[in-house]
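Student: Heads up: the protein sequence lines correspond to chains A and B, in order.
Going by the numbering used here, the first sequence wraps up at 1635, each residue one higher than the last.
Going by the numbering used here, the second sequence wraps up at 570, each residue one higher than the last.
Careful, some of the hints might be misleading.
[What the hints assert, rightly or not] Here are the simulated BS3-like cross-link-like pairs (lysine-lysine), alpha carbons at most 27 Å apart as the crow flies: (1) B/K456 to B/K562; (2) B/K456 to B/K471; (3) B/K527 to B/K346; (4) A/K1387 to A/K1398; (5) A/K1398 to B/K562; (6) B/K471 to A/K1387; (7) B/K562 to A/K1387; (8) A/K1398 to B/K471.
[Unchecked claim] Covered by chain B, per the in silico footprint, the following chain A stretches (three or more residues, Cβ under 8 Å): (9) 1361 to 1372; (10) 1395 to 1405; (11) 1423 to 1434; (12) 1617 to 1623.
Bear in mind the hints are in silico, worked out from the structure with no lab data behind them.
None of the values given here were measured: they were computed from a predicted structure.
Note that CB positions come from ideal geometry on N, CA and C, so glycine has one too.
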Amino acid sequence: MRAGPLLEIRDLSTHYVSSRGTRVVRAVDQVSLRINAGETLGIVGESGSGKSTLALTILRVLPPAARIVSGEMLFEGEDLVQKSDAEMQHVRGKRIAMILQDPMASLNPLFTIGDQVAEPIRVHEGAGRATAWRRARELLRAVRIPSPETRVTQYPHEMSGGMRQRIVGAIGISCEPRLLIADEPTTSLDLTIQAQYLNLLRELQRAHGLALIFITHNLGIVAKMCDQLAVMYAGRVVESGPVSRIFNAPAHPYTEALLNSIPRMSDSAQRLTAIEGQPPDLAALPRGCSFAPRCVRAFDRCHVETPPEFALGGGRTARCWLADRPRIEAA
Amino acid sequence: MTIQTEAIALPPRSPSRYASLRLGDFPLIPALILGGVAFVAIFANLLAPHNPEIGSLAARFRPPFWETGGSAKYLLGTDQLGRDVLSRLIFGARVSMVVGFTAVIFAGTVGTTLGIISGYLGGWVDQVVMRITDTWLALPPLMFAIFLAAIVGPSMWNIVIILGLVYWTRYARVIRGEVLSLKEREFVRLAIVAGCSKWTIMYRHILPNVVNSAIVLGTLMLGVVIITEASLSFLGVGVPPPEPAWGLMLSDGKQSLMVGRWWLSVLPGLCIMLMVLSANLLGDWLRVKLDPQLRQL
């Protein structure tokens, strides 16, 4: 085993630049994260906070308007930012795989299940059709598809939603990647299937020693699935650390507000707690902390100076002046 | 939490995706006509009662058998060189079929390939291909075809190439549009994140999804191509005489139409009309049947 994290992202920024370069959207801004082998990292945030762009950045499959402007992504010691497109093709699907937001639509309607599960194996390992199909049947069994022998010859429209989802999972793990990125994989599923699928992901993770990056806006899923958590707001990681610690004592007011906005059965009489205001325009961020305009605990300094990432000990970080220990101690 | 699933014996193989096409509104007559023309074209040697290119001057301008002066020897009469019209029509079907299908396939292959590349790669490739397509489409097809035919000279295979070169743009346009929407679909994204190369994606994921449209467009183009071929032959830059082509027969018959020898131009005209109409009706039916939104996969 190698020492050190499986993936270490340092100071990564991805911006969308308009064609004339006049408008810059800071979708991912100075993000630093790390994930160890076999661990699960949850990334939460509102829509538009840069979660998906971060995932696309890691795989380097960004739309043409996006640029990685700074930072490095050390995956097993190699910097993914420096790799050529040809080299990245061997990383995608083989060493880092991804499950997309809508797995229901992720299967090509014109090919059999077997063909689609076998495809990455044939692409990356150059395996013959027979070998790849044998592996495909094993993979379908691993994701609990009943009677895989007949299922491989069927088409996606003959499967239920839950089955298609598991097939997409099978495609994800087909080349035994070290890291699997799941971008809101359960949003299109109903609740019972969701639970089933999450269990399956955990099982696969344990069986294959996978590291998992789980992108979601569902804090319940984070609590159930993840070891580490990173909260994103306006393109930045505002708080990160072990899930249990963050849930017990959030250091950033945004995290606190997110946790408070989870509806609870106990206070049924109350209205849902929402965070006031709108997330900022990523092309025109406010001066100072980008959450300050919506923050209930903001003070003068928040509107003027952007807080750096403070290390809080125990692997936790927060981008908030409130976490500035000397100031708190001085007060 | 695990879900117990029973092992249900599944049917061994699902029916093909074309099996779901309902045959209730199948255009039977157009299909029969096209099938008939194809049959006649294939077995022209066996079916034609006379040699289509050699006539006897003693038997010029014989009318069809039901008119006075007609005989059972020349069922549909003879032309100005005494050649049997029925035999010429039968061999003319071969020319129309060969030219029609090969030109459609040629244009379809070129147009689909360029459409996929242009739509999928985007950027400057797309710009270049689409500007060429625009330029091409701005030229009137028949004029363009006459121009090309005048350069390379008349022959059946030249006509095929010319028609292919004139009509590939229609495919490129339609297919590109479809690729633009396909490439945003999740299964294409999945293929990208699974590490497939651009070419693998175009060939394995995009192409099979646009083949239906290309086939439908092909059946519709068949009519256009046959008409253009007939027009070129009519104008004397198409299939060279004495080879029997419907357009050429139409052109040859036009002088004697005024003196009442209607069968020389009406019969080939009727053949062209029926074949084009059938191809279009069949294409229209296919268009509805293979439309992914109506097909309910």
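Student: Which hint numbers does the structure go against, in order from smallest to largest?
Tutor: 5, 7 and 12
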